[in-house]
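Trainee: Start from the sequences, fold in the hints, and give me the full structure.
There are 2 protein chains.
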Amino acid sequence: MKHALLLALFAPAMAFAQTPDTEATPETPSDVIAAATAADWRPIAPENLLVMTMGSGAEVFIELAPDFARVHVENIRSLARAGWYDGISVNRVQDNYVVQWGDASGEKPLPEGVVEQPPAEYHIGPVGRDRFPLTVVSRGGYTRFSGYVRGWPVGTTGTWPTRRGRRIFGIVATLGDERASLIHCYGMVGVGRGNNPDTGTGAELYTVIGHAPRHLDRNIALVGRIVEGIEHLSSLPRGTGPLGFYEEAEQRVPIATMRLASELPEADRPRFQVMRTDTETFRRYVHARANRTGWFIRPAGAVDVCNVNLPIRRVVE
Amino acid sequence: MKHALLLALFAPAMAFAQTPDTEATPETPSDVIAAATAADWRPIAPENLLVMTMGSGAEVFIELAPDFARVHVENIRSLARAGWYDGISVNRVQDNYVVQWGDASGEKPLPEGVVEQPPAEYHIGPVGRDRFPLTVVSRGGYTRFSGYVRGWPVGTTGTWPTRRGRRIFGIVATLGDERASLIHCYGMVGVGRGNNPDTGTGAELYTVIGHAPRHLDRNIALVGRIVEGIEHLSSLPRGTGPLGFYEEAEQRVPIATMRLASELPEADRPRFQVMRTDTETFRRYVHARANRTGWFIRPAGAVDVCNVNLPIRRVVE
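Protein sequence lines, in the order shown, are assigned to chains A and B.
Be aware that the first sequence starts at 88, since it is given in this note's numbering, and climbs by one per residue.
Be aware that the second sequence starts at 88, since it is given in this note's numbering, and climbs by one per residue.
Calculated directly from the structure, the hints in this document are not laboratory data.
Take the hints with a grain of salt, since some may be wrong.
[Stated by the list, open to error] Calculated Cβ distances over 12 Å to all of chain A for the following chain B residues:
#1 Arg168
#2 Ala191
#3 Arg237
#4 Asn282
#5 Asn283
#6 Ile296
#7 His302
#8 Arg305
#9 Leu323
#10 Gly331
#11 Glu334
#12 Ala336
#13 Phe383
[Said to hold, decoys possible] Beyond 10 Å from chain A on every Cβ pair, some chain B residues (computed):
#14 Pro153
#15 Pro213
#16 Asp365
#17 Arg376
[Said to hold, decoys possible] Chain A stretches covered by chain B per the calculated footprint, using a threshold of three residues with CB under 8 Å from any CB of chain B:
#18 322-329
#19 345-352
The structure displayed is predicted, hence computed values, not measured ones.
Backbone N, C-alpha and C define an ideal beta-carbon position, used for all residues, glycine too.
Mentor: In structure tokens:
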């Protein structure tokens, strides 16, 4: 089916698209967040939340994306449960690119249950039509459409007739027979790999600390994103070796532990919520991000999928 | 004139656009750089090169862009010549956004000759047609076209009929009656400002250390870019106050001096060269960046204007 992406053009989205940019008191992104109700947020399940504790004690929190890379995520859970990540280190910090961590010796044996060569989980689809609502944020560039699916930045080459020049963000479609892939936005986490057909086990991980390296999309498994604490990685000294690897062993930055929140006592589990992306609230938020006011003289009128800054919040009870 | 941008569609560019991606031994970006001749590079003039020496002794080199922000750049030169920047500090480091430096007290008097309220140099154009050749890299997103003009990343809303779906990078047009603005790519340098009509004097500067914040384009004066040493800024500890400002005076990072290379003895002047962007070599380089091989399984087939990674090299004699 050639036009599988064009399943749903909901009336509320169409109305939204006609909101004038020049209204007297336009909503700011903060206004939208402040007005959001409990139904606009989804919790991060404890089995999808990793707590990485650096040797310094600083904590980095990572949300996993099993919908997009099921086998790689299951491997990462197995490695975390086995305590395999404890005592590894950050070995590579390349400016405007990635921070990478793993076992510097390359000789630490993997625990049982880890799939040594997972499938190439570089895209999803064809998928069931109801499960993956895509809110389109922009089009063109690396993929025909970019947007958010279940809170994740996604690109798709799906064909979807739109009127030329029409503002498109806020339009909700549903991924059906189309393929779609996660996008390497700032803070996304992926699995290092060697040459094809190696897809990486999950023992070596990286995160993006610069302008989205979109040429990596569909070439390597993205498995999640940092939801808090990325500054403990992005501010590390840059490595001076090739590709930003540290040249001396003592430059490596120790990682004390990496634990699944589901393995922690319930009272100790950190709790996060992600703004849902299949809602009118999210569409208003994207609109507000694209049309900043106040200090801004000329609102951009558009927003890159990696500039949406999806609201994610820590919940303290 | 409505179609002022469509002045030149050169035959070589058209031929280039038809180069198949699947040829036996495709050029890599490194191949193109290695094969470039002297004519493919332009020097950075000493009066357009700032040397910022941190309190630690680390050096950061900044190329100025007088073609795009003449008055702001002249202000910066005046401030540098007067030694005004010496002893200021980095006061703000906001993750995935900017590093900002200036006089933390806000009370240091400006030297004579500094224009207190420069014009809003947020775009160029209309301009003479021969002076600004635009090599288009991508289209869509924040502006209709993005590309490089004289070695600088530029967006333009210019109308320019192209065939739908056609690969377009490598096509050279000439900015004529159109307006165009510099783009907030990683490493670009701009002038902090307050509320309109304040455009900033140049006493407060910032650089981008994250995903290109394109919503700033056309809203603030970009005046240059860091050509070497950005890691001395991008790896600084993030500020914990609002907007990433440091909360304690002792957290600020001292800047020892900021000098124009033209003010240094000739033998001490650092020399840099930037790859020219109006050449067949640059078009091949962009093509190679968009179609990475080797480790890559699926070349992207496109490249964002801020992912071009324009080659800039230090020349040591």
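Trainee: Does each hint hold? Answer for all of them.
Mentor: Hints, verified against the model:
1. Its beta-carbon lying about 30 Å from the closest one in chain A, Arg168(B) satisfies the requirement of being farther than 12 Å from that chain.
2. With a cut of 12 Å on Cβ distances, Ala191(B) stays outside the contact zone with chain A, its closest approach being about 20 Å.
3. Look at Arg237(B): its CB is around 21 Å from the nearest CB on chain A, clear of 12 Å, so calling it non-interface holds up.
4. Not every beta carbon of chain A lies more than 12 Å from that of Asn282(B), the smallest distance being close to 6 Å; the non-interface claim is violated.
5. With 12 Å as the threshold on Cβ separation, the claim that Asn283(B) sits away from chain A is violated: the shortest Cβ distance comes to roughly 5 Å.
6. A Cβ of chain A approaches the Cβ of Ile296(B) within 12 Å, the least distance being about 8 Å, so the stated non-interface status is violated.
7. A beta-carbon of chain A is positioned within 12 Å of the beta-carbon of His302(B); the least distance is around 4 Å.
8. Listed as a non-interface residue, Arg305(B) fails to keep its Cβ farther than 12 Å from every Cβ of chain A; the least gap is roughly 5 Å.
9. With a least beta-carbon separation of about 7 Å from chain A, Leu323(B) fails to lie farther than 12 Å from that chain, contradicting its non-interface assignment.
10. Separation of Gly331(B) from chain A is inadequate, the least Cβ-Cβ distance of about 9 Å not exceeding the 12 Å criterion.
11. For Glu334(B), the requirement that its beta carbon stay farther than 12 Å from each beta carbon of chain A is met, with the minimum near 15 Å.
12. The claim that Ala336(B) is not at the interface with chain A holds, since no C-beta of that chain comes within 12 Å of its own (minimum 20 Å).
13. The claim that Phe383(B) lies off the interface is violated: its Cβ sits roughly 5 Å from the closest Cβ of chain A, which falls inside the 12 Å cut-off.
14. For Pro153(B), the condition that its CB be more than 10 Å from all CB atoms of chain A holds, with the nearest at approximately 23 Å.
15. The claim that Pro213(B) lies off the interface holds: its Cβ sits roughly 18 Å from the closest Cβ of chain A, which is beyond the 10 Å cut-off.
16. Every C-beta of chain A lies more than 10 Å from that of Asp365(B), the closest at about 23 Å, which supports listing it as non-interface.
17. Chain A draws Arg376(B) into its interface by the beta-carbon criterion, the shortest separation being 8 Å against a cut-off of 10 Å.
18. Against chain B, the stretch 322-329 of chain A contributes 4 residues with a C-beta closer than 8 Å to a partner C-beta. That satisfies the three-residue criterion, and the hint holds.
19. By the rule of at least three residues with a Cβ nearer than 8 Å to a Cβ of chain B, the coverage given for the stretch 345-352 of chain A is violated, with 0 such residues.
In this structure, the hints that do not hold are numbers 4, 5, 6, 7, 8, 9, 10, 13, 17, 19, in rising order.
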